[in-house]
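S.K.: Protein sequence lines, in the order shown, are assigned to chains A and B. Using numbering that gives the first Met the number 0, you'd call the opening residue of the first sequence number 0 and step up by one each time. Using numbering that gives the first Met the number 0, you'd call the opening residue of the second sequence number 0 and step up by one each time.
By construction, these hints were calculated from the structure, which means they are not laboratory data. Some hints here could point you the wrong way.
Copies of the same chain look alike in the list, so a pair counts if it fits in one copy or across any two.
Only pairs whose alpha carbons sit at most 30 Å apart, straight line, appear in this in silico DSS-like list of lysine-lysine [to be verified]: (1) LYS495 x LYS281; (2) LYS177 x LYS485; (3) LYS177 x LYS421; (4) LYS495 x LYS401; (5) LYS177 x LYS495; (6) LYS186 x LYS281; (7) LYS401 x LYS485; (8) LYS207 x LYS495; (9) LYS245 x LYS214; (10) LYS401 x LYS421.
2 protein chains.
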Amino acid sequence: MNYPLSVEKWDVFEFSCEGRTEGNPFSDYEICGIFRSSQETVRVNGFYDGNGIYRVRFMPSFEATYTFCIQGTFSDRVYQGSFEATSPEQSNHGPVRTANTYHFAYEDGTPYYPVGTTCYVWELQSDERIDETLKSLAESGFNKLRFCILPKHYDYNLGEPRSYPFEGTPMDSSILTKENFLQYTGKTEGNHWDFSQFNTAHFQHIEKCILTLQKMGIEADLIVMHPYDRWGFSQMTGEQDEQYWKYVLARFSAYRNVWWSLANEYDLMEHKTLEDWEFYAKLICENDPYGHLRSIHNCRPFYDHTRPWITHCSIQRQDLYKSSELVNEWRIRYRKPIVLDEIAYEGNLQHGWGNITAEEMVRRFWEAACRGGYPGHGETYLNEDGVLWWSHGGRLRGESWKRVHFLHGIMCQTPGIGLAPKEQEWDEICAVPEDEQLAAKTGYHLIYYSFMRPSFREFYFDDSTWYTVEVIDTWEMTTEYRGTFKGRFCVELPGKQYMAIRIRRAQQDGREISSHCH
Amino acid sequence: MNYPLSVEKWDVFEFSCEGRTEGNPFSDYEICGIFRSSQETVRVNGFYDGNGIYRVRFMPSFEATYTFCIQGTFSDRVYQGSFEATSPEQSNHGPVRTANTYHFAYEDGTPYYPVGTTCYVWELQSDERIDETLKSLAESGFNKLRFCILPKHYDYNLGEPRSYPFEGTPMDSSILTKENFLQYTGKTEGNHWDFSQFNTAHFQHIEKCILTLQKMGIEADLIVMHPYDRWGFSQMTGEQDEQYWKYVLARFSAYRNVWWSLANEYDLMEHKTLEDWEFYAKLICENDPYGHLRSIHNCRPFYDHTRPWITHCSIQRQDLYKSSELVNEWRIRYRKPIVLDEIAYEGNLQHGWGNITAEEMVRRFWEAACRGGYPGHGETYLNEDGVLWWSHGGRLRGESWKRVHFLHGIMCQTPGIGLAPKEQEWDEICAVPEDEQLAAKTGYHLIYYSFMRPSFREFYFDDSTWYTVEVIDTWEMTTEYRGTFKGRFCVELPGKQYMAIRIRRAQQDGREISSHCH
Chain A
0 MNYPLSVEKW
10 DVFEFSCEGR
20 TEGNPFSDYE
30 ICGIFRSSQE
40 TVRVNGFYDG
50 NGIYRVRFMP
60 SFEATYTFCI
70 QGTFSDRVYQ
80 GSFEATSPEQ
90 SNHGPVRTAN
100 TYHFAYEDGT
110 PYYPVGTTCY
120 VWELQSDERI
130 DETLKSLAES
140 GFNKLRFCIL
150 PKHYDYNLGE
160 PRSYPFEGTP
170 MDSSILTKEN
180 FLQYTGKTEG
190 NHWDFSQFNT
200 AHFQHIEKCI
210 LTLQKMGIEA
220 DLIVMHPYDR
230 WGFSQMTGEQ
240 DEQYWKYVLA
250 RFSAYRNVWW
260 SLANEYDLME
270 HKTLEDWEFY
280 AKLICENDPY
290 GHLRSIHNCR
300 PFYDHTRPWI
310 THCSIQRQDL
320 YKSSELVNEW
330 RIRYRKPIVL
340 DEIAYEGNLQ
350 HGWGNITAEE
360 MVRRFWEAAC
370 RGGYPGHGET
380 YLNEDGVLWW
390 SHGGRLRGES
400 WKRVHFLHGI
410 MCQTPGIGLA
420 PKEQEWDEIC
430 AVPEDEQLAA
440 KTGYHLIYYS
450 FMRPSFREFY
460 FDDSTWYTVE
470 VIDTWEMTTE
480 YRGTFKGRFC
490 VELPGKQYMA
500 IRIRRAQQDG
510 REISSHCH
Chain B
0 MNYPLSVEKW
10 DVFEFSCEGR
20 TEGNPFSDYE
30 ICGIFRSSQE
40 TVRVNGFYDG
50 NGIYRVRFMP
60 SFEATYTFCI
70 QGTFSDRVYQ
80 GSFEATSPEQ
90 SNHGPVRTAN
100 TYHFAYEDGT
110 PYYPVGTTCY
120 VWELQSDERI
130 DETLKSLAES
140 GFNKLRFCIL
150 PKHYDYNLGE
160 PRSYPFEGTP
170 MDSSILTKEN
180 FLQYTGKTEG
190 NHWDFSQFNT
200 AHFQHIEKCI
210 LTLQKMGIEA
220 DLIVMHPYDR
230 WGFSQMTGEQ
240 DEQYWKYVLA
250 RFSAYRNVWW
260 SLANEYDLME
270 HKTLEDWEFY
280 AKLICENDPY
290 GHLRSIHNCR
300 PFYDHTRPWI
310 THCSIQRQDL
320 YKSSELVNEW
330 RIRYRKPIVL
340 DEIAYEGNLQ
350 HGWGNITAEE
360 MVRRFWEAAC
370 RGGYPGHGET
380 YLNEDGVLWW
390 SHGGRLRGES
400 WKRVHFLHGI
410 MCQTPGIGLA
420 PKEQEWDEIC
430 AVPEDEQLAA
440 KTGYHLIYYS
450 FMRPSFREFY
460 FDDSTWYTVE
470 VIDTWEMTTE
480 YRGTFKGRFC
490 VELPGKQYMA
500 IRIRRAQQDG
510 REISSHCH
């Protein structure tokens, strides 16, 4: 028996003990615990972690003395004990929750503006590559990372992962080529897996990665299932799936930075039915006592994001031309946060989903942000070493990520939590604070001109209020103060694409610097 | 009495005679003629042209001996005579007609691919400016020009026109400013017009301009009514409108390069009803015996382009983001040629309709062309002299017009008449000849990648046919031959935006130069 006497609130309290190893400890025995403080009583399932060790993890949500009572089916012994959940360090804000209907905040109330990127199997690469990815992430400012628990078989990603989730041996991948790989997608021949035996090293490694991300302030948007498979992991039986989901939930739920993405492109998983997805959702709701964020990502048709278990939309755009521009509609339709987990990637692949410019990527980010949605990033640049950020992580090669970081800084200056779209002029994308009272009080307007190139814009809100005006070059990442105005005023612009204007109620009377335009 | 003894087929035969001038010759008298050859009998109305002169114009559609019989209500005399309609010169292909449902051809069968631009009141500027515009047009390769018969009152266009269509005096325009001009839109005070008295010099000048354009191979897309008015021309009575329309039709119909645009932004003309528009359409159908092309242009809601008198759609895009991309839908809906008479203008105005980049303009041109539609150009660059191409003509300052010329060259190489969209891959815009048999026979594919930047694309049509492949850089205006391939083949691309690939059945067996990609 092993456990700490204190953990920070929202950190992982982990209890471990030895137990029986006869038979199949993954399936033959169970372990679970009940954790009590004056504010909560939580029941959690533990899991077998190999080498005769069973573990139970728990995330305390209160600063309090907790007692626990843990019992495994492998013995009659009841483990009891207590620990202190202490006040969190400054960087620990708790798990992310939805807030203000369309937005997010950490449990401690700190607003959270997701700027995510995707590196599908970064954690299944070599140590050196993983270190490189972490270094890139630290530099980038991304605060959400979308990745898969299971290995990925797909164009540009035909290599072996560093480990597999189950004991067994994979098919011979030396026969795979760029030309034939699709024939092996969804094929199970040549693989020999014991789906009843988890490879604990695989999960231990992922936990280490989740924790590293947590320390960097990055949410781990875990893709639990996906169709890019040559091993049969996407075609397990219902029972095997259930075991897999429960194992994942028991291991990862106590990490505060975990989000559940049931699948990437769920609709491409032809062996799964809607009933299956609803069943997995039920498993999450039953086995994750902390209510981590839950969603499911589409290729073509959206999942029905009105389902009550879905906390936020995870959207892959359906249209070649319009992606972020549809955030307004989706907000109305789903009344949940709109996270755009694929709006195409900056790159130069052959495919339309992976070859937009950095400028277009940043434009889609601003369009989404100013409509009250949350865009996601990815990079797919072909290169000699075959390492693509979107799949492997590694080094960021593009130009959009820097501007995403800059946008995040602007988003964080929103009064209250979250931006809402405001109908202003037909040819401007205008955001105001979601909270109407704050919007009125602050006069905050973030106005984006996208691909348009106005040389000036005229404004009128009222006759008496002074407004400070800044011109933002979203590409050059500059913010320029232009003066304080009232009544009708005109803002000169450089006649370039990707400009924004930020207008805020002035703290004191200003000085009209220029109000006459062309 | 005056008339020529011969004219070219599709040129204007003009008869003139003296008649009574008492009262109001514009309304008190009529003159009409009947023209006969072995192939046609055509009745046309003439008009009073001032100074006691009445004219009757006729466009012969056949090479034949024509006799005519002309009579005015101002006397009992019947003028009879004959003339020869001779074979047309090489540059004279006759009026433009719709062809192949979605396309256009001259009456002699020569395909006509419209690449139009808009200079609303170029012809109402000074002689010097008009000459400059004509020089620019000659250099540009545009083959359709959209402009107004009536003067224009609008932002950046507050000056006096060189002439007015009616006798009288206009309001004092010295009081107009950029700030107050909108208050005078649709106001009639201060104007003193006699709507029963046409200013013949105004119309004579426009005829001269139409004829000059004709000699340059440019169609005159005449906007007969519009809402940008401070003189009251948009608020005449039903009777006055009818008189205006009949006068316009009698004067201009015989010019083979005339198209009728009933209005620009018809829906902004608040004093006109749907019944009014249908009535004007009826007047055209009754008074233009040559069946010139007819359409009507919207601001927001489209006119019902299924109306039988509408020969082609004249569309202003309704969406900020999608314009040309919707050509496919409109083709299905209207089954007529889709002319995009406003997809925003290259420029840097404050307004979203007038500040897109040259790159975006050219992209919209290619999108439209590869979907079997016909995009239109315009330029709105602010500049010190206040001369904007979109309104005044003058000098082209942008970068898109050159690329439009290049695209026109590509369009003209289409087998048969017109391109049709083909569903190929979701991330390519693919055009094939409209004629299915020709499409099959020629294997002609024009594939556009828009804002995407593929580094290569793979193709497979069949195993046995050899195809020649060209890579087109639509921005740099280059076409590069890449070889002749069969079976599966791969085309390397530079990973840049705005690239196209043209594939055609080879004349003879080729040589596979490279078929292996990244």
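S.K.: None of the hints should be skipped; say for each whether it holds.
M.R.: Here's how the hints hold up against the structure:
1. LYS495 x LYS281: neither (50 Å within a copy, 46 Å between copies)
2. LYS177 x LYS485: Between copies only: 20 Å across, 62 Å inside.
3. LYS177 x LYS421: between (47 Å within a copy, 27 Å between copies)
4. LYS495 x LYS401: both (19 Å within a copy, 21 Å between copies)
5. LYS177 x LYS495: between (41 Å within a copy, 23 Å between copies)
6. LYS186 x LYS281: within (28 Å within a copy, 67 Å between copies)
7. LYS401 x LYS485: neither (34 Å within a copy, 44 Å between copies)
8. LYS207 x LYS495: Close neither inside one copy (45 Å) nor across copies (40 Å); limit 30 Å.
9. LYS245 x LYS214: Within one copy, since 25 Å is at most 30 Å while 80 Å is not.
10. LYS401 x LYS421: Within one copy only: 27 Å inside, 39 Å across.
Violated hints, in rising order: 1, 7 and 8; the structure is consistent with all others.
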